[in-house]
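Respectively, the protein sequence lines represent chains A and B. Quick note on numbering: my numbering labels position 58 of the first sequence as 58, and the sequence is numbered without any gaps. Residues are numbered in my numbering as their position in the second sequence, beginning at 1, plus a constant of 1000.
Since the hints were made in silico from the structure, they are not lab data. Glycine residues also receive a C-beta, built at the ideal position from the N, C-alpha and C atoms. Hints are supplied without guarantee of correctness; some may be wrong.
Claimed, not checked - Below, in silico cross-link-like pairs of lysine-lysine (DSBU-like), each with a Cα-Cα straight-line distance of 30 Å or less: (1) Lys-37(A) - Lys-99(A); (2) Lys-37(A) - Lys-1051(B); (3) Lys-88(A) - Lys-1662(B).
Claimed, not checked - Residues of chain A placed beyond 12 Å of chain B at every Cβ, according to the derived structure: (4) Gly-52; (5) Arg-64; (6) Ala-104.
Said to hold, decoys possible - Cβ-to-Cβ under 7 Å is the rule here; a few derived chain B residues that face chain A: (7) Lys-1043; (8) Gly-1045; (9) Val-1050; (10) Thr-1054; (11) Val-1057; (12) Asp-1224; (13) Trp-1397.
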Amino acid sequence: MSTKEQSERVELLQGTLDLLILRTLQLGPMHGHAIAKAIEFRSDEVLQVEQGSLYPALHRLIKRRWISAEEGTSENNRRAKFYALTAKGRRQLAVETSKWGKLAQAIAQILQPGEQEEA
Amino acid sequence: MKRRKRMLADLDEDIRDHLERETQDNIDRGMSPEDARHAALRKFGNVARVKEETWAVWNPVWLEQLFQDIRFGVRTSLRSPGLTLAALTAIALGIGINVGIFSVLNGLALRLLPVPRAQELLSVNQILHFQGRGDRSIHNDSSWFSYSEYLDYRDHNHVFDGLVAYEPFVEATLRGSDMRQVMGTAASCNYFSVLIEHPALGRGFVDSDCASRGANAVVVVSDDLWRGRFAADPSLVGKEIVLNRTAYTVIGIARPGFTGTEPIPSAFWVPVTMQPALEGGRDRLSNDNMSWLAMLGRTRPGVTMQEVRADLGVIAGRLDQRHTGPKRTTSLALHAATFFSSPEQRSTLIPVASVVLAAFALVLLISCANVANLLLARASVRQREIALRLSMGAGRWRLVRQLLTESLLLSLAGGALGSLIAFWSFTRIMRLVTSHLPSGFPPIAVNVAPNLQVLVYALALSLFTGIAFGLFPALRSSRPDLNTAIKGDGTQFGAGRKSGRLLLDLLVGSQVAVCMVLLLAAGLLLRGLYQAQTVDPGFEIKGVATIFMYLGRQGYDQTRATQFMRGFRERIQDLPGVTAVAQAECAPLSHDFSAGQFTVPGHSGTVQIEYNHISPDYFSLLGIPIVRGRSFRPDEAHDAPGIIVTESTARRLWPGQDPLGKALREDSGREYFVIGVTKDAQVAHLGQLDTNYLYFPVGPEDDSRSYVLVRYEIGFTDVAKSIRDSAQSIDPDVSVDVGRLEDYLEVWRAPSRIVAALSGALGALALLLCSIGVYGMVSYSVSRSVRDIGIRMALGADGAQVMRHVLWQAMRPVLIGGIVGVVLCAAVSGVLSSMMFGLGTHDPIAFVSVPLFLLAVAFVATFIPGRRAMRVDPMVALRCE
């Protein structure tokens, strides 16, 4: 089922799954399986998401009222639960994204050899 | 929570749906259906764990664990029912008695006044500071207000919807068949409307009732008085009743249960402007410098305490400036309105309450020590279970939490049980105590029923208790040496170590000491009671009626009083069945004392001598013999120089000499000469023979306030009735209070009886708890050393030796605790004996019997498990566990 070599796949950092779910739902309401697929697809299948771990995360987000869950019908006319971003979740996404940006930048700065080190 | 339920209910379906989609995707990519399904499952991960984790999102782990712990705790407790029962009993008793006492204090001091919306009421008090000597007159309470001050506060504040003032405890004679004394209140005319206490019948006061001084004689009577005296006659409203010689129109009957705003119930309320008429011409209304009115204000909605303080402070400052004489500053004390809210009342109540609460906290302490012991004992049995769990990786905190949950379960169950018992029994105990108060005591309206405060106190106490007795065993038993514990070597576990042993001994020793103090105090009090009941006061107390006449308070001047008394004594002298009549300033044992400073000529310094003014037949009536000299003659009065002293007084003042003719000089310089000596009698203080005492002849000055003693030979009720009749045949409005001399003895005995009964119960409780504790500790220590004993026996020690060992181990802390207890109690008994009649400071019987008794209990508690230990088969012991 995998199209890439196992070694190229990256385990998710703790806590980033929430951010990914929020970002994914920005595209519109989705059911659980579609979210997993979307994350995989959008990361060029680099990110390894154990699909089951999606569910505790989804419930955690529902409990915080960042997303909501609604009954709906999927493309092939099956009943499914659709998850959608709430207004609160949208605000949270902005906060988390900027936090993540800062974090990534900081880590990159540390990991990349600085000029002082070369001198 | 609905959201949570719905989300979790759909979880299974969602996961199934997810897996189906993934399988379908895989099939679409060309896998066989079976492979596709496996791949989907692999990619999904552990379904059970996912469900569990999702579940945990909604149900916090700690909550789940708490339920686990509770279930486990209940199961463990039920597995050792004897121990659980003992622990529950100890906690229930300890908490119950504390909650009961607190509910009494709550009823006295914390409960809001029993009127509607009482939380809005503030008690306003003032403390006056004078520069130099203050010149304030005080009636009842120094933190109260004068009438003009009240009007100022009432008319110029911006924070109260209404401010009332009242003078409580006004005594009045109610004219009627028995001329009864009743206690009432003079209140401002907004009293009923501000308190929202509309009378059940008729009306309360309106402003016009107070419009002019002394003009509106109206009265509201209490429900009790209405039922007790007027047979609940509904037509009483509109009729007139006579209080202290003034006729008042009844305008209302108060709601049943409304007894005023003081702990002593009020029987009637009159407008404050009637005060001078009500109190025999003493006009407090126009005295601007007298504290006599208590104030209660109903705060406006939304007004804070600071605003009240600031607003009233302005008025107080203005009053200070207007005050002439020494410069004064007023500080205001504001409290939620309760029965005891004036600073003066608080300052007496708080120390008493803390002493009482401390005494009862000691009992709770014993309970806690006991239960800690029992739990330690149980923990030692469970050491293997605990060690196993620890070795399998259970966190220590998790274990402590579980053990604490168990002890909290115990304490909450015990606390609930104890509180229920307390709520049930203390209302009854209060009723018993108040109904056994001697007739002289005013009735007190205390509501001891539980309210929110009491429940919170009970809950807090239970939680505190659970942590107090549970924490130590929990910490201790969750830190065993795993190796030895799993091997089952009991002696190495927990308390087996030296420090643990010491701690355990300390627990037992301190609980024996505390118990000893309580028991000894109870023993002393019971001995005191016994003496109070059996003491011979030294005069004939039976068959004597006493009549207290305070004519000065009933509108008599001295001439009229003397006239009345002469006629009165003559008339009762002639009554059938009366054999003797005497008059005295103080009746024997009536708690009326007079004392003065005297000098003996030829000696330096003064002696304090108690005295009484008596008529000549006083001694013969009471059967007190004159041993030397003579009694007074009827013509001797205050101006006569003769005095009579008691034997022991004479011995002390003139040792080895003939007292007759000896002189005593009063402070004023006047000299008196001894004309007679009487035998000693306990006329002033029951139980004290060594008071200096002398007698002066009675004179006309005494007539406005004195006692008349009557010896009778027929039934008391008949005599009392004919005495009242003869008084009222002279003056129909006079109030006569006829009692029995024996009843005064009751007043002396009542406090020691009540205290002895309470402390006896407390001591019995302490003994019970202490016995449980010692027994539990000893059986624990014996069960712990079963292996030890087995080895000793196997090596050839004989039973007696083992027994001695066990006994010594267990009795050592008991002995040490006992000695400490006796020493502590010797200190305490000094305080007790000064408060209670009949207590010797170091009563030998109490001091010997109580410790012996406790030792015997400890011995039995040791002996029974000790014998069990002796009978242990060495092989069994060695293999045990």
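Checklist entry - Which of the listed hints are not met by the structure? => result Numbers 3, 4, 5, 12, 13, in rising order.
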